[in-house]
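Just need the whole structure built from these sequences, with the hints factored in.
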Amino acid sequence: MAEQTIIRKASHPRVAPNLGDYERECARFDWARAREQLSGLPGGKGLNIAYEAVDRHVAHGRGGHVALRCIGRDDRVRSVTFAELARRTNRFASVLRRLGVGAEERVFTLLGRCPELYTTVLGTLKNTGVVCPLFSAFGPGPVEQRLRLGDARVLVTTEALYRRKVAASRDRLPCLEHVLIVGRRDADLPGTLGYEEAMEAAPDEFTIAPTGPEQMALLHFTSGTTGTPKGAVHVHEAVVAHHATAGYALDLHPDDVYWCTADPGWVTGTSYGIIAPLTHGITVIVDEGDFDARRWYRILADEHVTVWYTAPTAVRMLMRATPREGPYDLPRSYDLSALRFIASVGEPLNPEAVLWGEEVLGLPIHDNWWQTETGSIMIANFAACDIRPGSMGRPLPGVEAAVLERGENGRAAVTDGRVTVIERPDTEGELALRPGWPSMFRGYLHDKVRYDACFAGRWYLTGDLVRRDADGWFWFVGRADDVIKSAGHLIGPFEVESALMEHPAVAEAGVIGKPDEVAGAIVKAFVSLKPGHEPSDALGRELLAFARRRLGPAVAPREIAFDQNLPRTRSGKVMRRLLRARELGLPEGDISALETVESAESGGVP
Amino acid sequence: MTREEALGIVKEAITSIVPDADFDSLAPDERFRDTLELDSLDFLGFVETLSDRTGCRIDEDDYPSLTTLADVADFLTDRCWRTRD
Numbered sequence: 001m002a003e004q005t006i007i008r009k010a011s012h013p014r015v016a017p018n019l020g021d022y023e024r025e026c027a028r029f030d031w032a033r034a035r036e037q038l039s040g041l042p043g044g045k046g047l048n049i050a051y052e053a054v055d056r057h058v059a060h061g062r063g064g065h066v067a068l069r070c071i072g073r074d075d076r077v078r079s080v081t082f083a084e085l086a087r088r089t090n091r092f093a094s095v096l097r098r099l100g101v102g103a104e105e106r107v108f109t110l111l112g113r114c115p116e117l118y119t120t121v122l123g124t125l126k127n128t129g130v131v132c133p134l135f136s137a138f139g140p141g142p143v144e145q146r147l148r149l150g151d152a153r154v155l156v157t158t159e160a161l162y163r164r165k166v167a168a169s170r171d172r173l174p175c176l177e178h179v180l181i182v183g184r185r186d187a188d189l190p191g192t193l194g195y196e197e198a199m200e201a202a203p204d205e206f207t208i209a210p211t212g213p214e215q216m217a218l219l220h221f222t223s224g225t226t227g228t229p230k231g232a233v234h235v236h237e238a239v240v241a242h243h244a245t246a247g248y249a250l251d252l253h254p255d256d257v258y259w260c261t262a263d264p265g266w267v268t269g270t271s272y273g274i275i276a277p278l279t280h281g282i283t284v285i286v287d288e289g290d291f292d293a294r295r296w297y298r299i300l301a302d303e304h305v306t307v308w309y310t311a312p313t314a315v316r317m318l319m320r321a322t323p324r325e326g327p328y329d330l331p332r333s334y335d336l337s338a339l340r341f342i343a344s345v346g347e348p349l350n351p352e353a354v355l356w357g358e359e360v361l362g363l364p365i366h367d368n369w370w371q372t373e374t375g376s377i378m379i380a381n382f383a384a385c386d387i388r389p390g391s392m393g394r395p396l397p398g399v400e401a402a403v404l405e406r407g408e409n410g411r412a413a414v415t416d417g418r419v420t421v422i423e424r425p426d427t428e429g430e431l432a433l434r435p436g437w438p439s440m441f442r443g444y445l446h447d448k449v450r451y452d453a454c455f456a457g458r459w460y461l462t463g464d465l466v467r468r469d470a471d472g473w474f475w476f477v478g479r480a481d482d483v484i485k486s487a488g489h490l491i492g493p494f495e496v497e498s499a500l501m502e503h504p505a506v507a508e509a510g511v512i513g514k515p516d517e518v519a520g521a522i523v524k525a526f527v528s529l530k531p532g533h534e535p536s537d538a539l540g541r542e543l544l545a546f547a548r549r550r551l552g553p554a555v556a557p558r559e560i561a562f563d564q565n566l567p568r569t570r571s572g573k574v575m576r577r578l579l580r581a582r583e584l585g586l587p588e589g590d591i592s593a594l595e596t597v598e599s600a601e602s603g604g605v606p
Numbered sequence: 001m002t003r004e005e006a007l008g009i010v011k012e013a014i015t016s017i018v019p020d021a022d023f024d025s026l027a028p029d030e031r032f033r034d035t036l037e038l039d040s041l042d043f044l045g046f047v048e049t050l051s052d053r054t055g056c057r058i059d060e061d062d063y064p065s066l067t068t069l070a071d072v073a074d075f076l077t078d079r080c081w082r083t084r085d
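If you read the protein sequences in the order shown, they are chains D and G. Read left to right, the first sequence gives residues 1 to 606 (the UniProt record's numbering). Read left to right, the second sequence gives residues 1 to 85 (the UniProt record's numbering).
By construction, these hints were calculated from the structure, which means they are not laboratory data.
DSBU-like, lysine-lysine: derived pairs with alpha carbons at most 35 Å apart:
#1 LYS514/D - LYS573/D
#2 LYS573/D - LYS448/D
#3 LYS11/G - LYS530/D
#4 LYS11/G - LYS514/D
#5 LYS514/D - LYS530/D
#6 LYS514/D - LYS448/D
So these bits of chain G aren't anywhere near chain D, every CB distance computed over 10 Å:
#7 MET1
#8 GLU4
#9 ASP52
#10 LEU69
#11 ASP74
#12 THR77
Note that beta-carbon positions come from the ideal geometry of N, C-alpha and C, so glycine has one too.
Written out as structure tokens, the structure reads:
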């Protein structure tokens, strides 16, 4: 392997990292001991995420500490202490109980990053319900589908979002019994209740029912290559991993001010934007606003943020505003001296971005890796350890990772239920993890077949291709399937293709990720038209608008190309790999190989 | 550039992202980014298009001036005027 820059760490940092010696920590770690860092429900009544995140700090005399610092779009800042958060979440849990919503029933949110979102998530967990936060930039299509697949019984949203994205499909969602509207609510909005009124009528006290660690707590939808989105199920015991991994990989200390820029509609924004930092009893910054370089620097400075967890797309947008060559006026006009540790997740962080952090912000950026299914950080660059820019780092204590030999379809080769672990360094294969950590997903809701397909030879198969160097650092290579990673979010091509094919002019669609400097990839669709329709700029625009209306900006394609001869397998499936190869201008040889690969795959999956 | 021309360019730049944007239902003081659901990437593309079409440099510091349609039109009229000076 080529020589590379390694970022060395100071031997005596200003704050001693939680994980000082990687090998020693790995050797002595076990999950049972990690569990002891948490309190458990009083009286030995089990383990509940919300109790660990909120109530136990009040019980330990830290009720006056600020839990949330909520910055509104209008820059208004509101602080919520742990005691106040305990009170609000008690009230929300009572609201659910009064509505007759019980254990393991699904409460969805479709909200911006407002304080009520945090109350709803934690209050639902107190009521031993299951919470499923949806990203508010989803269009009506993805929202309806997820509400249906997740058996939503309650939805908490705003009037504007409800009217725009839910009202039209409400009739088709008979399970959705209660819709609570945060903020202004038109008196004649049928089928809805006022969130504030319900909260005001609820008592301050609530006793959490006994909660088994294996009780379902969180539902996060993720996308696969084919079929509908998959609802990954996590249980209350996941909090053990949220807590332990945040200590190691985000280096959280009791007096930290922490900002995770991810929206809770994505797993990062829930696991590390709500649960993990609150279990550490620290102050969490919640910014309702969208990305804006100046706003972000101002928040880092004004709030004295010490630990910052963000995403490569955001870092690359900051890099555009302040290139490595300078001038550094923008960041340097803010006092970022409180900042101690920066981490990033969502897609691989390019080496350039790691070095940019070091040069422009004075701190390197620590990439880490995990998935919706893993529930918590699995592989990371640690505060005390050297960084190899471009590498996702090494497995966390308690996590066993391996690289598996691949078969013809690009995924791990399975022969008679067995897989082959690659020991030779720098060899590409599929990343696999040994199940057993507490935040491992317990299933895809109502979809045992696809859950079972994630495992082989006692390994969980991640779908990501990696290599491991001779010293144990993992390097991301690409996806082993057709799932698109755009701005840190997984997008299933099937969901986008299906939406496009609802348009009367579209015969067929193939959707791929087109490499993009900022987002990593953007969604690009190739469509063939039905007879009687001709490609035109106007139709292209119409299709973009059509898809965007249905899917919302987070999922919709940003580019559409017409192609009457979409490449297909013999079984008639559109070959996304070939579309991707064409888009990237890969040589003919590679394309023929891809054809073989795709044909083999379609043989197994009709 | 007249203000009218500027407004035309703004609408065109938005239409390239949200082709069916309904400008008639947008109040002059409405934050179009929220109403039309332009995410960060969309907004970046929007600013780039404005820059390309007008030849004006638009910096991070200018973003707060790009909140409503009227703001953006005013900004472009003013900035492009000064650039030409």
